[in-house]
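J.: Okay, here's what each chain looks like letter by letter:
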Amino acid sequence: MRVAFLGATKGMGRALARLTAERGDTICLLGRNSVDLERSAADLSVRGATGPVRGVVCDLEKPEAFTSAIDAAREALGGLDAVVVTAGVFATQEELEADPALAERLVRINFSNTVMFCEAAKKALLEEGGGTLCVFSSVAGERGRKPVIIYGAAKAGLTRYLEGLDHKHHAEGLRVVTVKPGFVKTSMTAGLEPPPFAGEPDAVARRVLGAMDRGAPVVYAPALWRLIMAVIRALPRAIMRRINF
Amino acid sequence: MREPPLSTLSGWGRHSAQGRERVGEDLERISADVNLSRGLGRSYGDASLPPDDEPTVLNTTFADRILSFDEDSGLFRAESGFTLGELNRLLMPRGYFSPVSPGTKFVTLGGMVAADVHGKNQHKDGNFGHHVTSLKMRVADGRVLDCSPERHADLFRATIGGMGLTGHILEVEFGMRRIPSQWICQESRRIHDIDEFQDALEESAPEWPYTMGWIDCLARGKNMGRGILMTGRWAEADQAPPRAPKPGFQPSLRFDWPSWVLSGLTIRLFNELYYRKQWRRRSSGIVSHESFYYPLDAIRSWNRMYGRRGFTQYQCVLPREAGRASARRVLDVLTARGGASFLCVIKDFGRESKGILSFPRPGITLALDIAVRDDTQDLVDALNEQVIQEGGRIYLAKDSFTRREHFEAMEGPRLDEFQAIRDRWDPNRRFRSAQSVRLLGD
Numbered sequence: 001m002r003v004a005f006l007g008a009t010k011g012m013g014r015a016l017a018r019l020t021a022e023r024g025d026t027i028c029l030l031g032r033n034s035v036d037l038e039r040s041a042a043d044l045s046v047r048g049a050t051g052p053v054r055g056v057v058c059d060l061e062k063p064e065a066f067t068s069a070i071d072a073a074r075e076a077l078g079g080l081d082a083v084v085v086t087a088g089v090f091a092t093q094e095e096l097e098a099d100p101a102l103a104e105r106l107v108r109i110n111f112s113n114t115v116m117f118c119e120a121a122k123k124a125l126l127e128e129g130g131g132t133l134c135v136f137s138s139v140a141g142e143r144g145r146k147p148v149i150i151y152g153a154a155k156a157g158l159t160r161y162l163e164g165l166d167h168k169h170h171a172e173g174l175r176v177v178t179v180k181p182g183f184v185k186t187s188m189t190a191g192l193e194p195p196p197f198a199g200e201p202d203a204v205a206r207r208v209l210g211a212m213d214r215g216a217p218v219v220y221a222p223a224l225w226r227l228i229m230a231v232i233r234a235l236p237r238a239i240m241r242r243i244n245f
Numbered sequence: 246m247r248e249p250p251l252s253t254l255s256g257w258g259r260h261s262a263q264g265r266e267r268v269g270e271d272l273e274r275i276s277a278d279v280n281l282s283r284g285l286g287r288s289y290g291d292a293s294l295p296p297d298d299e300p301t302v303l304n305t306t307f308a309d310r311i312l313s314f315d316e317d318s319g320l321f322r323a324e325s326g327f328t329l330g331e332l333n334r335l336l337m338p339r340g341y342f343s344p345v346s347p348g349t350k351f352v353t354l355g356g357m358v359a360a361d362v363h364g365k366n367q368h369k370d371g372n373f374g375h376h377v378t379s380l381k382m383r384v385a386d387g388r389v390l391d392c393s394p395e396r397h398a399d400l401f402r403a404t405i406g407g408m409g410l411t412g413h414i415l416e417v418e419f420g421m422r423r424i425p426s427q428w429i430c431q432e433s434r435r436i437h438d439i440d441e442f443q444d445a446l447e448e449s450a451p452e453w454p455y456t457m458g459w460i461d462c463l464a465r466g467k468n469m470g471r472g473i474l475m476t477g478r479w480a481e482a483d484q485a486p487p488r489a490p491k492p493g494f495q496p497s498l499r500f501d502w503p504s505w506v507l508s509g510l511t512i513r514l515f516n517e518l519y520y521r522k523q524w525r526r527r528s529s530g531i532v533s534h535e536s537f538y539y540p541l542d543a544i545r546s547w548n549r550m551y552g553r554r555g556f557t558q559y560q561c562v563l564p565r566e567a568g569r570a571s572a573r574r575v576l577d578v579l580t581a582r583g584g585a586s587f588l589c590v591i592k593d594f595g596r597e598s599k600g601i602l603s604f605p606r607p608g609i610t611l612a613l614d615i616a617v618r619d620d621t622q623d624l625v626d627a628l629n630e631q632v633i634q635e636g637g638r639i640y641l642a643k644d645s646f647t648r649r650e651h652f653e654a655m656e657g658p659r660l661d662e663f664q665a666i667r668d669r670w671d672p673n674r675r676f677r678s679a680q681s682v683r684l685l686g687d
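Quick mapping for you: the protein sequence lines, in order, are chains R and F.
Letter 45 of the first sequence, counting from 1, is numbered 45 in our numbering, and no numbers are missing.
For our numbering, count along the second sequence from 1 and bump the result up by 245.
Hints listed in this document are in silico derivations from the structure and should not be mistaken for laboratory results.
Note that the Cβ used here is the ideal one computed from N, Cα and C, for glycine as well.
Please note that the accuracy of each hint is not assured.
Pairwise CB distance ranges, derived in the manner of DEER restraints [stated by the list, open to error]:
#, chain 1, residue 1, chain 2, residue 2, range
1, R, 33, F, 489, 15 to 25 Å
2, F, 330, R, 227, 30 to 40 Å
3, F, 528, R, 32, 52 to 62 Å
4, R, 244, F, 648, 42 to 52 Å
5, R, 75, F, 274, 42 to 52 Å
6, F, 274, R, 202, 22 to 32 Å
7, R, 38, F, 650, 24 to 34 Å
8, R, 38, F, 649, 43 to 53 Å
9, R, 116, F, 454, 20 to 30 Å
10, R, 32, F, 648, 26 to 36 Å
11, R, 71, F, 316, 31 to 41 Å
12, F, 489, R, 218, 33 to 43 Å
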């Protein structure tokens with residue numbers, strides 16, 4: 001598999017990129033910081049990635065460069081079979097309410113800019129005759145919830161966009177995989193009290209890679225979150241107003 | 246940056262302190278204002294715990310990238326949170342192994358440097374620090390720099406075995422060894438007493454690269470020091486099974502055992518059975534490297550066996566000059582006080598360390614697992630007094646009970662040299678741990 005990652009220098013993206021490296025996939029890394037990209041590229045090379053692991057600078061805050069970054073990745077890989085997007089920002093509801101500029105930035109990065117990146121990736125994959133577009137959304141987008149109102153709204157928008165993309169392009173060979181992680185212990189959630197069913201990045205990565213290989217449209221990780229969110233979606237408004245989940 | 250509330254941090258022996266761990270992939274960015282690094286928390290005592298007045302520690306485990314590996318020379322470099330378990334998983338199938346491995350694979354490279362760990366091949370290959378070629382560090386004045394045996398040699402020597410007190414270890418570079426297979430030719434031998442044990446270790450040393458012994462430390466009198474000597478070497482490709490060893494079932498202790506489970510009686514029973522198991526004078530076979538190196542890793546959270554109060558491991562080294570009888574004198578102190586140790590390990594050391602405060606020196610080392618009871622402090626004091634008389638010293642990676650005056654009596658000039666280097670690199674003593682407060686008066 002020739003795969004381009006946006007945001008795989010950290011967290012779940014790092015874990016997923018390592019799994020693909022260890023089975024000998026060919027990898028190109030997109031990210032903000034060229035030094036960080038080089039270090040991750042070295043890691044993936046030693047772990048078994050086929051051919052040199054290239055780094056291409058790409059910042060989710062600079063949408064004007066998305067197309068050229070994806071073209072560069074495509075050229076480095078000699079084609080393109082999959083694009084994985086794990087990049088994004090997180091902040092708590094309190095932090096976002098206290099800082100409107102941060103809230104605006106978070107919505108822009110996690111929703112509009114991620115959508116624009118996916119548009120560019122989709123175009124490239126369709127030109128290749130199809131492929132997998134795997135994007136990390138969140139269970140936070142499943143229902144309006146007190147601790148994740150703004151973050152969840154951006155992720156809800158992203159989930160709906162990906163759903164539509166799947167409907168429109170499935171017949172053309174585009175496999176859109178929407179990943180909905182629950183609480184996973186990464187540096188993004190550092191400092192937050194983990195719930196009892198918090199996941200580990202490696203386990204999430206194994207589940208996501210399985211979904212990518214099968215072309216499964218939606219994957220919850222850890223799996224338990226499918227059940228948890230089914231319950232949350234079924235709760236009446238009166239209860240959602242009372243609980244703090 | 247978001248910091249978690251205070252919670253309980255503990256060492257492997259479950260000695261604990263209030264603190265919080267700062268985590269992140271980019272250690273260079275997040276280490277500037279913290280004063281102690283902590284990896285997987287496998288040091289037994291308080292070495293990885295923060296002092297009371299400075300509760301935040303840097304957790305290095307997210308900084309786990311391999312930075313380079315040269316298949317020809319074996320030179321390997323990684324971020325300090327990279328673990329020995331990952332190293333084994335990735336590189337053993339390609340025919341490489343760490344030059345030195347401690348008795349657990351759940352350790353980070355940073356921790357292996359800070360404790361200057363040793364393994365079953367200490368008599369031949371020394372400590373991990375003997376194989377480290379370069380370290381990247383953040384030091385007290387904020388600079389990030391490389392040190393090696395040639396560059397900032399004083400900092401390098403103080404950091405090897407320096408228990409994290411010279412700065413944050415960010416990257417570690419060392420030489421890997423080639424191995425012919427992932428299997429070990431192991432031989433076990435029944436040993437009747439402590440003197441025979443020391444003879445047997447010495448005899449085996451030139452012939453076997455890996456040696457260690459288990460002692461039934463409840464046996465007294467003429468049986469004192471009876472046990473089983475285990476020796477090993479890598480199986481050649483034509484001796485080894487054609488497949489790679491598979492990890493077996495790994496149970497995990499999910500609750501603390503009540504303290505009576507490991508009482509004098511049950512330990513006596515276990516020791517008797519374990520000793521009798523080796524009913525032949527010698528036996529040999531081919532075993533997986535996991536069962537040879539990491540028998541206890543097979544049970545996750547085995548430290549819960551010792552109950553809520555936890556345990557301490559007392560590990561000392563007795564120098565060659567102290568003579569054969571010194572090991573018997575130390576075991577006498579233990580048995581005279583009725584101290585029951587579930588696990589007692591004996592091993593000969595052959596090489597002096599490179600690190601200024603590193604533990605090993607040529608001689609005999611004894612390691613005793615002791616459940617914490619009301620009288621543990623007295624027992625450790627008594628053992629330390631004996632070890633001081635023998636001219637020996639203790640292993641800081643295991644310790645949580647030693648008194649400052651005992652430590653000073655053991656370390657004398659080595660401690661002065663270590664502190665002089667800290668005066669140069671960290672005059673205001675930014676880098677401190679609960680252990681350094683206790684033993685160095687930081």
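J.: Next step is simple, just say for each hint if it's right about the structure.
T.: So, going through the hints one by one against the coordinates:
1. R:33 to F:489: 15 to 25 Å: Violated, at about 37 Å.
2. F:330 to R:227: 30 to 40 Å: Once the Cβ atoms are compared, 32 Å apart, the range 30 to 40 Å for residue 227 (chain R) and residue 330 (chain F) holds.
3. F:528 to R:32: 52 to 62 Å: Check passed, 59 Å falls within 52 to 62 Å.
4. R:244 to F:648: 42 to 52 Å: 49 Å Cβ-Cβ, so the 42 to 52 Å window holds.
5. R:75 to F:274: 42 to 52 Å: For residue 75 (chain R) and residue 274 (chain F) the Cβ distance comes to about 32 Å; the hint is violated.
6. F:274 to R:202: 22 to 32 Å: Holds, at about 24 Å.
7. R:38 to F:650: 24 to 34 Å: Given range 24 to 34 Å: violated, Cβ gap about 50 Å.
8. R:38 to F:649: 43 to 53 Å: holds (46 Å)
9. R:116 to F:454: 20 to 30 Å: violated (59 Å)
10. R:32 to F:648: 26 to 36 Å: violated (51 Å)
11. R:71 to F:316: 31 to 41 Å: The hint (31 to 41 Å, Cβ to Cβ) holds, given that residue 71 (chain R) and residue 316 (chain F) are roughly 33 Å apart.
12. F:489 to R:218: 33 to 43 Å: holds (36 Å)
When each numbered hint is compared with the structure, violations occur for hints 1, 5, 7, 9, 10.
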